[in-house]
Amino acid sequence: MMKHELKLYCDTTRLTDLRAFLNDILRDTSLSDIEQHQVTLAVDEVCANLIIHSHGCNPQEYIQVEVEKENGILKIEIRDQGEGFNIIEYKEPEITQVKKAKRKGGLGIILVKRIMDKIEFEKIGSQNTCRLFKNLKSK
54 MMKHELKLYC DTTRLTDLRA FLNDILRDTS LSDIEQHQVT LAVDEVCANL IIHSHGCNPQ
114 EYIQVEVEKE NGILKIEIRD QGEGFNIIEY KEPEITQVKK AKRKGGLGII LVKRIMDKIE
174 FEKIGSQNTC RLFKNLKSK
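Just so it is clear: in the sequence shown, position 118 is 171 by the numbering used here, and no numbers are missing.
Fair warning: there could be bad hints in the mix.
Claimed, not checked - Straight-line C-alpha distance at most 27 Å; calculated DSSO-like pairs for lysine-lysine: (1) K176 - K56; (2) K60 - K171; (3) K56 - K166; (4) K166 - K190; (5) K176 - K122; (6) K60 - K122; (7) K166 - K176; (8) K190 - K176; (9) K176 - K128; (10) K122 - K166.
Quick caveat, the hints were computed from the structure, so don't treat them as lab data.
Produce the entire structure from the sequences given, and follow the hints as far as they go.
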């Protein structure tokens, strides 16, 4: 079992660090290049939402990102303090509206839900945890 951790400060310029961190880990999985790219985008989207909406881009605050590979499953845990952003309850605008608006800076939560195999959200006190799961094909 392997575990990787990243302390991501709440500044959107730090998302580059997140992508590099994920690329290094995902390269070592059975996911195809496209799937690796999709998973990176999904995690990036969730973290960007947290940084912008939950933390108001306050660089003093941070999000803890933990990636684990176990029993053929890739688990990405995103933890932060505060109000929380429940990705599961989040309602996306209609897809036709999204297409018209061509939202910049993110694929939207709708795609995160399509890319990942399972999503969990948990709030205990002021600690929020979002877990994203991706099944790995056996090599």
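Hints, verified against the model:
1. K176 - K56: OK: K176 and K56 at ~22 Å, within 27 Å.
2. K60 - K171: holds, 23 Å
3. K56 - K166: holds, 23 Å
4. K166 - K190: holds, 19 Å
5. K176 - K122: holds, 23 Å
6. K60 - K122: The given pair, whose Cα atoms are some 19 Å apart, holds under the 27 Å limit.
7. K166 - K176: holds, 19 Å
8. K190 - K176: Outside the cut-off at roughly 31 Å; violated.
9. K176 - K128: Distance of about 18 Å is within 27 Å: holds.
10. K122 - K166: holds, 20 Å
This entry does not satisfy hint 8, going by the numbered hints stated previously; all others are met.
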